[in-house]
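**Q** Here is what each chain is made of, one letter per residue.
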Amino acid sequence: MVFGVVYVLIFGPRSEPALPPDRRSDLVIHYWEKWLGPEAEAMQVIVDDFNNSVGREKHIYVEMMSMSDIDQKTLVATAGGVPPDVAGLWDPMVVQLGSLGALEPLEDLAKAHGITDGFYKPVFWNACHFNGHLYSLVSTPAAVALFYNQRIFHEDAAKLRAAGLDPNRPPQTIDELDRYSDALTEFVTDAQGQRHVSRAGYMPMPPDYDWYVTSIPLWFGDNEWDSVTHRFTLTDPAVLQAFRWLESFPRKLGEDAVSEFSTSQGSFNSPQNAFVAGTLVMEMQGPWMANYIHHLRPSMDHDWAAAPFPSAVPGLTDVTYCPFDTLMIPRGCPHIPEAFEFIAFVNRQDEMEKLCMMHCKNSPLTNVSEYFLDHHPNPYIRVFEELSASPNAHMTMQCPVAQEAGGDLTAIVQGVLAMEIDPKIALEQAQVSLQAKYDEFEKNLKRRMRQ
Amino acid sequence: MTFTRGEIRNLFKGLAFLSPWLIGFSVFMLLPIVLSLYYSLSDYNLLQKPVFIGTENYRALASDGIFWHSLRVTLLYAAVSVPLGLFMSLGVALLLNVKLFAQPIFRTIIFLPSLVPTIAAAILWRWMFNQRLGIINGVLAPVLGWFHLPTPPWLDSSNWVVPSLALMSVWSAGNTVVIYLAGLQDVPRDLYEAAELDGAGPIRRLWNVTLPMISPVIFFNLIMAIIGILQVFDTPFMMTKGGPNRASYFYTYYLYDSAFTYLKMGYASAMAWIQLLLVLALTGIAFWSSKRWVYYQGK
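Sequences listed follow chains A and B, in order.
The numbering used here applies: residue 10 is where the first sequence begins, and numbers increase by one.
The numbering used here applies: residue 2 is where the second sequence begins, and numbers increase by one.
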């Protein structure tokens with residue numbers, strides 16, 4: 010009897026989702042999504058749109074399941090031969106999973122749906138590809154820009170003018186950003202005589218939100234990976250210059266100032282968020298920040314503005330970093346055309362704009378409606394649209410060992426901001442170790458191809 | 002040796018009753034152990050078939066700076082945390098063993114932190130360790146200020162993060178205290194009475210009676226601490242993400258990243274086997290040394 014129970018539990022029938030009575034004969038597409046809370050609710054609206062239109066017509070029913078640790082669950086399910094039909098993952102996984110043959114190539118299906126070169130802004134189209142294959146489409150994109158508190162600019166106009174700066178516009182160069190930051194930074198001395206930053210003009214690593222700081226060399230005119238020569242470029246002078254710039258903050262503000270400031274602020278999604286609370290005047294952020302400001306402190310809605318993050322190189326304008334959320338079909342999916350029907354539906358202009366408005370993000374598509382631009386919850390959405398369409402918009406490092414590179418670079422940034430390591434030595438060491446890891450990956454790939 | 006029909010029937014009955022455990026052990030323990038040994042000798046990323054590469058993973062580990070760094074961090078943590086935990090727990094157990102008013106309440110209070118989920122404890126301690134707003138520095142600041150010393154940056158400094166985590170690990174030592182208490186209550190009263198008659202004071206009684214009599218319990222707690230500390234993962238994962246500057250990037254954290262973030266399952270398996278050998282070596286040393294300091298009453 011025990012064996013019988015175990016057998017039934019392991020190999021017995023599985024329950025199917027409770028479908029509406031009129032949809033019980035439809036093909037069910039299992040869609041796993043990383044979003045939880047309001048972002049998942051927004052995506053559910055798009056899923057419902059599909060189920061009530063194209064899905065009804067073609068007898069496809071999408072069941073969305075939002076979950077944490079989706080990358081690991083998708084990985085294990087794919088390895089076990091029971092992947093979801095559609096997985097909502099992150100852009101670095103396009104290359105990581107694509108290079109391991111874990112994703113279904115989508116170029117033929119995309120072409121059949123009219124999704125070709127020119128459909129997306131180039132930065133997103135290129136980032137969806139690896140080794141000549143289209144491995145994903147976008148669910149929602151982003152572009153980062155400078156958010157600045159106009160109210161504080163105006164309140165401290167005298168300070169800014171005394172520093173030779175215009176309080177009516179944001180900084181245009183990195184040098185200006187430093188000068189604005191110096192003029193707006195305030196200190197407080199505690200009872201023990203220790204000095205602390207009470208308000209920062211700019212901080213390179215804002216509390217609880219540090220995932221883009223390693224891409225800072227982009228604003229110094231360089232990248233950390235050369236996807237043509239397949240070599241890391243961490244010892245390039247511009248990369249070193251970028252890390253030296255990060256190092257200038259603890260030098261100016263004090264050895265522990267950056268970490269102390271970061272940890273003494275509240276978490277990102279709280280009213281103690283440094284930018285929302287007014288203890289950070291300028292920061293690099295994505296378009297969604299408008300939503301957080303509106304929900305956490307509606308009275309601040311008209312106090313802030315967004316502009317391109319300034320560059321250190323004269324003439325280099327509209328530089329941005331464009332990460333995005335993806336929809337992929339893992340290898341072994343039994344219903345590829347039907348799964349792609351849903352992905353293509355999400356990428357329809359009307360649905361994409363609806364989703365991006367609900368998520369408060371820019372659109373990845375080349376064509377953007379006036380309605381989207383005029384009614385978007387972020388009043389500066391045109392800034393983000395222009396930035397992501399710019400030739401200086403950059404995608405996530407297209408390198409199979411990008412995750413390891415991200416870990417190494419984050420550690421270097423932390424070490425530099427704590428003044429524990431010299432950027433030059435750390436970057437030289439990382440160059441050697443990361444290149445060795447990439448070379449190892451290539452060697453293993455070639456060995457597999459020979460077998 | 003021959004079995005009667007009844008004995009064979011009893012053997013099968015016994016095996017049938019054992020079968021849930023036997024099957025569970027074989028499927029969920031033995032098979033993964035054997036497979037992990039094979040994977041440690043393979044290039045395996047979970048998504049493609051493993052390719053046998055001999056000892057290449059082990060050789061790569063030997064030249065991996067992060068591997069050595071994570072090992073160093075873990076051993077440093079163990080060197081601070083194990084003795085600190087053992088002595089603090091023993092001290093608390095000795096205090097709780099004294100007959101006082103409301104003794105059960107004190108025992109409950111000491112045990113309570115062990116019941117707090119790790120995630121809740123991590124959030125609580127993150128705030129307590131906060132350099133500027135935390136309660137610990139709030140108490141220390143006036144004292145240190147008197148000597149013109151700055152407050153420690155705790156989790157925000159590469160130098161302080163490991164001692165901070167070690168300090169935190171002592172907080173949830175309720176289980177160890179309970180085991181010590183059980184050991185202390187097993188010490189025969191007549192030994193204390195005899196020692197008292199011989200004129201032994203409290204320190205002498207502790208040194209010559211209590212500690213030898215509970216040495217098997219100390220030894221048990223030492224072994225459990227070594228095994229547990231070398232696998233520490235959840236606290237740094239939630240509190241520091243291995244930072245700052247990888248100062249709290251423990252061995253198991255790197256193993257986890259290698260397996261599930263970098264998809265290097267073969268490499269991670271090699272790390273797991275080295276970890277097992279390390280645990281075996283350290284517990285082996287502890288067993289070898291126990292001949293000199295552990296006293297078993299029955300022997």
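I should point out that these hints are in silico values taken from the structure, not numbers from a laboratory.
These figures come from a predicted structure and were not determined experimentally.
Any given hint could turn out to be false.
Far from chain A, some chain B residues (derived; all Cβ distances over 12 Å) [claimed, not checked]:
1. Ile54
2. Val144
3. Leu264
In silico DSS-like links for lysine-lysine, alpha-carbon gap of 30 Å or less [what the hints assert, rightly or not]:
4. Lys242/B to Lys433/A
5. Lys455/A to Lys82/A
6. Lys242/B to Lys455/A
7. Lys452/A to Lys120/A
8. Lys261/A to Lys50/B
9. Lys82/A to Lys67/A
10. Lys82/A to Lys363/A
11. Lys242/B to Lys82/A
12. Lys82/A to Lys50/B
13. Lys261/A to Lys452/A
14. Lys433/A to Lys452/A
15. Lys452/A to Lys82/A
16. Lys168/A to Lys67/A
17. Lys67/A to Lys452/A
18. Lys452/A to Lys50/B
19. Lys82/A to Lys168/A
Pulled from the structure, derived: some chain B residues nowhere near chain A, Cβ distances all over 12 Å [unchecked claim]:
20. Leu113
21. Pro154
22. Thr284
All C-beta atoms, glycine included, are put in the ideal place defined by N, C-alpha and C.
**Q** Give a verdict on every hint.
**A** Hints, one by one, checked against the model:
{"no.": "1", "hint": "Ile54", "in the structure": "violated (8 Å)"}
{"no.": "2", "hint": "Val144", "in the structure": "violated (10 Å)"}
{"no.": "3", "hint": "Leu264", "in the structure": "violated (7 Å)"}
{"no.": "4", "hint": "Lys242/B to Lys433/A", "in the structure": "holds (24 Å)"}
{"no.": "5", "hint": "Lys455/A to Lys82/A", "in the structure": "holds (28 Å)"}
{"no.": "6", "hint": "Lys242/B to Lys455/A", "in the structure": "violated (34 Å)"}
{"no.": "7", "hint": "Lys452/A to Lys120/A", "in the structure": "violated (33 Å)"}
{"no.": "8", "hint": "Lys261/A to Lys50/B", "in the structure": "violated (53 Å)"}
{"no.": "9", "hint": "Lys82/A to Lys67/A", "in the structure": "holds (29 Å)"}
{"no.": "10", "hint": "Lys82/A to Lys363/A", "in the structure": "holds (28 Å)"}
{"no.": "11", "hint": "Lys242/B to Lys82/A", "in the structure": "holds (20 Å)"}
{"no.": "12", "hint": "Lys82/A to Lys50/B", "in the structure": "holds (19 Å)"}
{"no.": "13", "hint": "Lys261/A to Lys452/A", "in the structure": "violated (45 Å)"}
{"no.": "14", "hint": "Lys433/A to Lys452/A", "in the structure": "holds (28 Å)"}
{"no.": "15", "hint": "Lys452/A to Lys82/A", "in the structure": "holds (28 Å)"}
{"no.": "16", "hint": "Lys168/A to Lys67/A", "in the structure": "violated (64 Å)"}
{"no.": "17", "hint": "Lys67/A to Lys452/A", "in the structure": "violated (45 Å)"}
{"no.": "18", "hint": "Lys452/A to Lys50/B", "in the structure": "holds (16 Å)"}
{"no.": "19", "hint": "Lys82/A to Lys168/A", "in the structure": "violated (53 Å)"}
{"no.": "20", "hint": "Leu113", "in the structure": "holds (27 Å)"}
{"no.": "21", "hint": "Pro154", "in the structure": "violated (5 Å)"}
{"no.": "22", "hint": "Thr284", "in the structure": "holds (31 Å)"}
The structure fails hints 1, 2, 3, 6, 7, 8, 13, 16, 17, 19, 21 (numbered hints given earlier, in ascending order).
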